[in-house]
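Next come the chains, spelled out residue by residue.
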Amino acid sequence: MEFTLLGSVAVAVVLMYGVLRFEGGRTNAADCTRDVWDALITAAVIGVAVGRLASMIQAGTNPISHPGDILIVRAGVDTVAASVAAVTTYVVLTRSDPWWLADAGAPAALAGLAGWHGGCAVRDTCLGAPSDLPWAVAQAGSTISRHPVEVYAALLLGIAAVLFVWWKRHRPRPGVIAAISVAAAATARWITEPLRPGLGDDLSTWYAGATVLAAAFGAWITFARRSRDATPAEAD
Amino acid sequence: MAIAVLASLSFAACSGAASPPGDIDPLEPTDPAAIEALLSETDRPTVLNVWASWCAPCRSEAPLLRQASAEFTDSVLFIGVDVRDTQDGARSFIAEFDLNGFAHLFDQDGSVPASLGGFGVPLTFFFAPGGDLVHLHSGVIDERTMALQIDELLRR
Numbered sequence: 001m002e003f004t005l006l007g008s009v010a011v012a013v014v015l016m017y018g019v020l021r022f023e024g025g026r027t028n029a030a031d032c033t034r035d036v037w038d039a040l041i042t043a044a045v046i047g048v049a050v051g052r053l054a055s056m057i058q059a060g061t062n063p064i065s066h067p068g069d070i071l072i073v074r075a076g077v078d079t080v081a082a083s084v085a086a087v088t089t090y091v092v093l094t095r096s097d098p099w100w101l102a103d104a105g106a107p108a109a110l111a112g113l114a115g116w117h118g119g120c121a122v123r124d125t126c127l128g129a130p131s132d133l134p135w136a137v138a139q140a141g142s143t144i145s146r147h148p149v150e151v152y153a154a155l156l157l158g159i160a161a162v163l164f165v166w167w168k169r170h171r172p173r174p175g176v177i178a179a180i181s182v183a184a185a186a187t188a189r190w191i192t193e194p195l196r197p198g199l200g201d202d203l204s205t206w207y208a209g210a211t212v213l214a215a216a217f218g219a220w221i222t223f224a225r226r227s228r229d230a231t232p233a234e235a236d
Numbered sequence: 001m002a003i004a005v006l007a008s009l010s011f012a013a014c015s016g017a018a019s020p021p022g023d024i025d026p027l028e029p030t031d032p033a034a035i036e037a038l039l040s041e042t043d044r045p046t047v048l049n050v051w052a053s054w055c056a057p058c059r060s061e062a063p064l065l066r067q068a069s070a071e072f073t074d075s076v077l078f079i080g081v082d083v084r085d086t087q088d089g090a091r092s093f094i095a096e097f098d099l100n101g102f103a104h105l106f107d108q109d110g111s112v113p114a115s116l117g118g119f120g121v122p123l124t125f126f127f128a129p130g131g132d133l134v135h136l137h138s139g140v141i142d143e144r145t146m147a148l149q150i151d152e153l154l155r156r
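So the protein lines, in turn, are chains A and B. Take my numbering: the last position of the first sequence gets the number 236, and nothing is skipped along the way. Take my numbering: the last position of the second sequence gets the number 156, and nothing is skipped along the way.
The shape of chain A in the complex, shown without the other chains:
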C-alpha cells in the first residue's frame, strides 16, 4: 500500500536527524543543526517533487491537467532529476556559507539515504537479482533466493556516513566531505544498480559519471587549493 512509503520516509528522517543531533557541538557547530536540518528537508521534498514531475512528463502525463498524480510518488520518481534538484536546492539555501554547510549536512544526508534504502523492510521491496550466496533470501512462497540489494545499499551508505563523521573530526578542507559524499552516494548506487530489478533504461552510466565528477571535484578542492594557498617558497 502507499502508506508503506511513509514507513521508509520515517526511517530516513529519524536517521538523518539522529546524525545531525550527534554532530551538533562535536563535528558541527552547536547552533547550526536547525539550519542544516531545514535545508536538508526542503532539498529532499523539492527533489522528490521535481523527480516526480520529470517522471510524469517522460511518461506523457501532463502535471497541470492532472496535479493530483504528482502525489502518487510510487508510480515513479526520476532519480537523476531528483538528485540534481535536491543538490541545487541545498546549495541555494546554504549560499551564505556553502562549503561549510555542505560539509555539515553531508553525513546526515547519507544516513537519510541509508534509512530510505533500509526502509525496504517496511515496504517488502529489498530483493533484487537471483543469487546463490548464503545470505540471499527468497520472497514468501518462492524458492528463488535473491540478493537483498536494498540492504547492501543501506549498509554502504551507512558505513560512508560513519566514516565521514569520523573524518570531519580531522578538520579536512571545507567542501571535501560534501564532494566525497556525493561520490560515495553515486558509487553505492552504481554498485547496487545492476542487482536491482528494473525495466528499460540502465542508469549505471549516470551514477558512474556522478562518481567521477564528484570525486574529481573533491580532489581539486583538496589538492589544487592547497597548492594555491602554499607560499611561493613552499611551492618551490
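Don't take every hint at face value.
[Unchecked claim] Which residues of chain B face chain A? A partial, calculated answer using Cβ under 7 Å: (1) D25; (2) E41; (3) R44; (4) E61; (5) A68; (6) A70; (7) R84; (8) R155.
[To be verified] Here are a few chain B residues that sit away from chain A, every Cβ distance over 12 Å (derived from the structure): (9) D31; (10) A37; (11) S40; (12) A56; (13) S60; (14) P63; (15) L77; (16) Q87; (17) A103; (18) L105; (19) F106; (20) L116; (21) P129; (22) G130; (23) V140; (24) I150.
I should point out that these hints are in silico values taken from the structure, not numbers from a laboratory. Here a beta-carbon is modelled for each residue, glycine too, at the ideal position from N, C-alpha and C.
Since the structure of chain A is already known, use the hints to place chain B on it.
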C-alpha cells in the same frame, strides 16, 4: 527556464493523446468463469491488471504497464480488466495512455477481482502458466515490484 518548463508541459499534454478513442473497439464483457478459463488455457505467465478510468492511481501506473507489456510482449501475457466503468471512459483511458498493446476486458460489476481475492483498484495479479496465482499487488505498482514479480514468473 520557465519557458522551457512550460514547453515541456505542452509537449507532455500533446503526447498524451496517442490515438483517438474512436479507434478503440468496445471492450469485451467478462466474468469470473471466463477469466478462470482464459488463465487455465494459457501456456505463458500472465499479468492481470485491474483498473478503471475514474481511478487516479490507475492513471499513474498506466505508463509503467505500457512499458512492461512492450518489453515482455513475447514472454508474458498482459490482460487489463476495467471494472465498474463505462465503455466510453474505458476507451478514452486506453487511448490516452496508448494501452492498446494488450487485451482489455470489461467487468461491469467488479466480480472478477473479487473472485480472485482482490479488493479495490488498482490491483495487479501475477499468474504462473496454467493460472496459479503467484502474487497479488494491491495499490499502485512501482517499476521494481513489477520487474521483480515478472522475473519470478519467468524463472518458475
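Cross-check of the supplied hints:
Because the smallest distance between the Cβ of B/D25 and any Cβ of chain A comes to about 22 Å, over 7 Å, the interface hint for this residue is violated. The beta carbon of B/E41 comes no nearer than 24 Å to any beta carbon in chain A, farther than 7 Å, and the hint placing it at the interface is violated. Taken as an interface hint, B/R44 does not check out: its beta carbon lies about 18 Å from the nearest beta carbon of chain A, beyond 7 Å. With a cut of 7 Å, the hint placing B/E61 at the interface with chain A holds, because the nearest CB-to-CB distance is about 5 Å.
Taking 7 Å as the C-beta contact cut-off toward chain A, the hint placing B/A68 at the interface holds, the least distance being around 6 Å. The interface hint given for B/A70 is violated, since its Cβ lies 9 Å from the closest Cβ of chain A, which is over the 7 Å cut-off. Interface restraint check for B/R84: the shortest CB-CB distance to chain A comes to about 20 Å, outside 7 Å, so the restraint is violated. Residue-level restraint check for B/R155 holds (minimum Cβ-Cβ distance to chain A is 6 Å; threshold 7 Å).
Interface exclusion of B/D31 from chain A stands, the closest Cβ pair being 27 Å apart, more than 12 Å. At roughly 24 Å from the closest C-beta of chain A, the C-beta of B/A37 stays outside 12 Å, upholding its exclusion from the interface. With a cut of 12 Å on Cβ distances, B/S40 stays outside the contact zone with chain A, its closest approach being about 20 Å. The Cβ of B/A56 does not lie farther than 12 Å from every Cβ of chain A; its closest approach is about 5 Å, which violates its non-interface assignment.
Remark: the non-interface label on B/S60 conflicts with the geometry, its nearest Cβ contact in chain A lying 3 Å away (cut-off 12 Å). At roughly 3 Å from the closest C-beta of chain A, the C-beta of B/P63 falls inside 12 Å, breaking its exclusion from the interface. Residue placement check: B/L77 keeps its beta carbon more than 12 Å from all beta carbons of chain A (closest about 17 Å). Consistency note on B/Q87: stated as away from chain A, and its beta-carbon is indeed over 12 Å from all of that chain's, at 22 Å minimum.
A cut-off of 12 Å between C-beta atoms confirms that B/A103 is not in contact with chain A; the least separation is 20 Å. Even its closest Cβ contact with chain A, about 23 Å, leaves B/L105 beyond 12 Å, as expected for a residue assigned away from the interface. Once the 12 Å rule is applied to beta carbons, B/F106 is consistent with being away from chain A; the minimum gap is 24 Å. For B/L116, the shortest C-beta to C-beta distance to chain A comes to about 16 Å, beyond the 12 Å cut-off, and the non-interface label holds.
B/P129, annotated as away from the interface, keeps every beta carbon of chain A farther than 12 Å; the closest lies near 16 Å. Distance check on B/G130: its Cβ is at least 16 Å (rounded) from any Cβ of chain A, clearing the 12 Å threshold; non-interface status holds. Consistency note on B/V140: stated as away from chain A, yet its beta-carbon is not over 12 Å from all of that chain's, at 5 Å minimum. Once the 12 Å rule is applied to beta carbons, B/I150 is inconsistent with being away from chain A; the minimum gap is 8 Å.
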